[in-house]
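> Line by line, the protein sequences are chains A and S.
Numbering follows this note's numbering, in which position 56 of the first sequence is assigned residue number 56; successive positions increment by one, without gaps.
Numbering follows this note's numbering, in which position 132 of the second sequence is assigned residue number 132; successive positions increment by one, without gaps.
Hint data in this document are derived by calculation from the structure and do not stem from the laboratory.
Just so you know, these numbers come straight off a predicted model, no measurement behind them.
Among the clues, some could well be false.
What the hints assert, rightly or not - Simulated restraints on C-beta separations: (1) A:A81 - S:G44: 28 to 36 Å; (2) S:L767 - A:E126: 51 to 59 Å; (3) S:G44 - A:G53: 34 to 42 Å.
What the hints assert, rightly or not - Partial list, computed: chain S residues near chain A (C-beta under 10 Å): (4) G255; (5) I677; (6) L686.
All C-beta atoms in this analysis are idealised placements derived from N, C-alpha and C, irrespective of residue type, glycine included.
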Amino acid sequence: MQVTMTVNGVEHTREVEPRMLLVHFIRDELLLRGTHWGCDTSNCGTCVLWVDGEPVKSCTMLAAMADGREVRTVESLAQGAELDPVQKGFMECHGLQCGFCTPGMMMTGRWLLDQNPNPSEGEIREAISGQICRCTGYKNIVEAIQWAADNPATSEVTS
Amino acid sequence: MTTTEAVPTSEAGNPIGFGRMLRKEDARFLRGEGNYVDDVNLPGMLHSAILRSPYAHARIVSIDASAAEALEGVHAVITGATLEGLGLAWMPTLSYDTQAVLATDKVRFQGQEVAFVVADSRYIARDALELIEVEYEPLPPVMDAKKAMDPDAPVIRDDKEGQTNNFIYDWEAGSKDDTEAAFAAADVVVEQDMLYPRVHPAPMETCGSVAHMDSVTGKLTLWTTTQAPHAHRTVYALVAGLPEQKIQVISPDIGGGFGNKVPIYPGYVCSVVGSIVTGKPVKWMEDRSENLMSTGFARDYHMKASIAATREGKILAVKVDVLADHGAFNSVAQPTKYPAGFFHIFTGSYDYPAAHCSVRAVYTNKAPGGVAYACSFRITEAAYCIERIVDCLAAELEMDPAELRLKNLLRPEQFPYTTPTGWEYDSGEYEKTMRVAMEIAGYDELRREQAEKRAKGEYMGIGLSFFTEGVGAGPRKHMDILGLGMADGCDLRVHPTGKAQVRLSVQSQGQGHETTFAQIVAHELGIPPEDIEVIHGDTDNTPFGLGTYGSRSTPVSGAAAAMVARRVRDKARLIAAAALECAPDDLEWDLGRWFVKGDPERGRTIQEIAMDAHSALDLPDGVEGHLDAQVVYNPPNLTYPYGCYICVVDVDPGTGQVKVRRFVAVDDCGTRINPMIVEGQVHGGLAEGIGMALMQVIAFDEDGNNLGGSFMDYLLPTAIECPNWELGETVTPSPHHPIGAKGVGESATVGSPAAVVNAVVDAISPLGVRHADMPLTPANVWRAIQGRPVRTDMAVEQ
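This is chain S alone, in the form it adopts within the complex:
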């Protein structure tokens, strides 16, 4: 199935349906006319800044804000004590834990929020921070998750009644007995410890908000960097006791999200309190260090993976033990039923009967978070885990990793396929996709080149990964966040002149929704996409829904947009029948027009029907006027995009320097609505994957200092480190999604790190290396080559 052929085009040259179309939203960004939160300036608006803890763990003895309050231009200094009086010192997290808005008793990570200053300018607010005197009594911090459950470990969450250690939860999936039985009977068992270190999404725009509480009307308007404006509105209503009908959350243009902008951060809440206290609009924008040190990080999963197989390379079972470091507050945003997210999709893309995982989560004195950074609710960790251990197995069997994968991939006739941990994969032609990737890469030729290089003492590596994601949460019956079912609404109105507005619950952070969703409606209704305005990111003007993360916009809201357009089309049929004085059943639909079967000249275009619907035309009983509809889409299952990635690297064994020479990515995300946008999503995710594999890490020293707290220390890939991505595609439409689309926003981030690491390990395997943890910086690669690997997440004497 191709999506770009035989699509009619509008007068403006855009596809009326699926195909490459330039983005509607670009016009404002190209002119510097985007409207990001920091671009919002209201009359009388004040600025703010947050005082943060220099310690990872310390008791607050006293806070003296008097000098700050006395500084000219300062309007308010808000502390935990102020908030306690309002019942707002603590807020619920999205995982039914609590998180301090401003610390009252203790600080629990370096960078935690302690006080909030509201002032005339951002410069004065920062000056005032210097004048706040906080006396701390330092406590020993828990920086190593592996030591968090030691009997003598300090208890971080002594604020929680009954909490006597740093335990959060134990969780498991799959059958332990079946798995152990399979391991007992296996010819070969391979085990590997691996760390997916803590990383940070670091969108180019940091987090911020502008809060305006109108003291006369009691209406709160909050411009904020959120990927989930509706969910945030509800949480503000529940937390602050504000009436929900008087809260308007506006998520304007967002400068990248990647899951960093799903949680509610103390700064947002403080800006609201600041506006209530001062009676003026208050802007809060964090700086980059605040973003890296305090907002939602990702991963921090210590995994022990084991794989059992026959000597011929047939996989029999996989088991994984995980130690999950959640930081000081369990604030992960994910469906309630799944505390470890969708990690139990770690069984991957292969056919075997038994699997088991156990996950233990602990508190440490680090910033809270864990689920972010295009991870599809922990599928990044799962995909990395299975794709690394499969490569370890290939090494043990001395088998080509491509051959091993081909031997075990699920076959097309097995779909829908229920995995050993309970997921129902909807569709896939895995081998076909893998063969396309191998062909683009010239896999056999690469292996020949590698052999020649090895003979000359050069270290070239080829790494593969094959990943399957489950995206598009819910179904609402199984998936909710804080009790809010994961279904999304969509409203569509066709105006009398045949131009339409579609209102979404989800919000774009760069994914091109204003174009893609117009194309979905255009495809269903035949209205040119330039005649369809997409409205999103404003809770007063859009229907309720859970927002954009977990690649859910296309699988959930995209389906909602298709369904609402079909509902309008059905209504248009009744109106056309009235206008044509025939029975609705006599009408046939084609290319934006209902016409009489057998008499194609007699028909009404959707635009004519729109005018009919608003006219004095006599409509049949039960048909109200106007041409609009609304739906709430509750997905019947997740969708399961997948792909095969191949990375080629050259490693300098003297310095440990890794050069990514080529990267081939073949994605199958089902129907491609706008291939240009799909490819852009993949490109970005690949760069993120290279970053995580080779350079990005938020590490700590033993005292709790964050060692990745600025872009000087937290390295991100530039145009120099990124190769010229080589993309391919296969298209296996989702059978249960109205247009067959599966979502692609996170695929490349999920799939690419394993390909890079597999390539590097492949390159240096002649030197005796079987595994090395990310990030594969020159130093870490060099140490692995020396046989002296170190913890990549901690700077300690080892």
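Here chain A stands alone, though its shape is the one from the complex:
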């Protein structure tokens, strides 16, 4: 079947099997490799991207279900050389180690800040509680999102 969706502002049309998962469409058809796959059961959240402005676990959705919709992935966060504050926060606060869960975490972090520019620690923890990180123990991820809240338009990454 044919599906057409707008991904990061560009419209794509592909012939796919009806059963193809959205995460596989993004990774294997569009070769956007920043969205990862980590479990079979929608528990881990490494595949989080946005569909029509809402974070979604893209392994729970068929590509066909995204037909005609707007998808946004981690590749769209930076504007050219300019990182999104959430990306800067992850770097500043050492919010990533192996980097595998990071795209999903950042997409959720960006969405949270768009809804709630000044979240509490508890609200950040709640927002990312559907996603698993095995490296960081979450503390620095929470601080990274907090950093982005505190520096919404900072252009300098400092050491």
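Starting from the structure of chain A, add chain S where the hints point.
Then chain S, alone, in the frame of chain A:
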């Protein structure tokens, strides 16, 4: 000693040496531009899937793959019979046992590899699995290690000549006689059975590979999720008879390892065979259930610990009997001499003269493994064992567990200290570290709060642990894996413009090597870290070494990087002397520059010397041009990081729910190269520790079904269960490591589970509980409170 003060910074603001520096590798990960194995796509690449056994123990009567082979888009179906023809049906494990690549005679655990399908897409490969007809004759499985040596237990490894039962090995350490004598003379003896249940590291990226055998050149390129690319290359050469110079193992970005990616798995081998058979690149990526059910698990240690002490709380001796469940194949990755890993470090951080352990290992119908999950070669089990039994002793003596520990900790003047089981601890100021932890926690205040809560019927618990690890294997004389000595190489080249490349044998799975190792070289040579490129994870482009596990990167390769930089510095001195027309002995080194003693204006920076080294400058006899060096670092001893952890929990006695309210971790890992990265390593390990203590377990039912085979069943801690870690540090540099660093990658995983369990048991001790096995799920805590604890590793009628 502090590591962050008085460090010069580069123009980019990075420390030229040790200190907080943002990670160089982050740029690609933040943009979604990491390159993990599943991101490798080659022209014409095929996909694959593995058919796995639904049974824990069954004889294979027949396999009919004809329908699968006939499916459009299928290129090959490989079975054990195919591999037998190639002599590849079995492969050696890293413990001199054998493991089936694809089962031929029997399946020996649920999830074992039976057939391998190569197809145009991952979807077609999975479809084809459904079409393979396997006839099994089910056999009774051995699921309980305690019954594995029963006379009527089915023999799992009847493939091995002369194997008539499920015995693997008996091993012991320490002096049994001295220990028994100490026990006989003791005022108090406390004994406790404890289980460190089977858990799985579950890195977010599962295991996989992309194999490309070039049929014209005969070169095999293998992108694979490995923590030890060089060791893997050698094993592929030995197993498959492939010429080692034509094998390139590339370990690209790795999405977490934790020891899960040390062994060689059947899927890797099958992807190689698949590429040979089809003549095309073949990708294999396991799914999460395959990862949890078939790849290297950790622990599964049944321990009976006993401790002897005086009535005043002076420890006299400790003994431990262990029953180790290794699963169906003994595939643990650890130094050959030590079949139970470094478990005999169970004597811990205390001063007493006698200890003994005996370990019996058995086969069961479970997945193979045992040494993984940031365990420092079984030091997790050892640290948990001693820290639990010390708490049991404290309860028996009605003594505060902190007081008991302080009474027995090794004193600074005792180092180097030889333990009753033969380890030589290099350095430590244990009491200082413990006092720092108690101060951060506000220990006395916590005990007061606990007393108040208890008076109100609330169950708050405070748990301590004090651990010592030995990390950084070898020395190569004592430590090898499959005969490969545990020493690691490092190459350093300084280019004419003064920019450098350093090549490592170890590989990062998130530990930040591209930053840390640049800082080590920067510290030694004065070249800014942003001018130093770290190259790793590619056997064609890096020197040989054993890889990243057992916290060995910093203790071994970190030392190699420091030593190779010093060798370059020595060579730079000769070249600078030639350029300055003076004797090398007249030169002094400071901040990246050789200068004439007493005339600091006359000197050459390392960058100027790099250009000199490549120029037409007349060099003295014996000094070749260019500015580079290589070393192989053979560690003289392990390094011994340690720490004190304090956990505070609240337990709901009605539901058994445990809330971790606070967690204080004070680590002493010697010199901290990049404190930000060190703290990140500790944070992650603490989360792992909470997970193991409270929720993670791979249990089985009596039929051999894996009850932790997905993230629906194998629970991992999220941001909700993890508190805001409170960290502290002390710094006692290792005396024998060139920069005094000890390694920290596994410290928190080793040290934290005991603190959590001690806290929970402390909380519910007024209800008469002295011990409860992990994981302390609400159900298990509730049962312990009811006085009806059950086996946490098996779902059986009890």
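> Which of the numbered hints are not met once you compare them with the structure shown?
Structure breaks hint 2 only.
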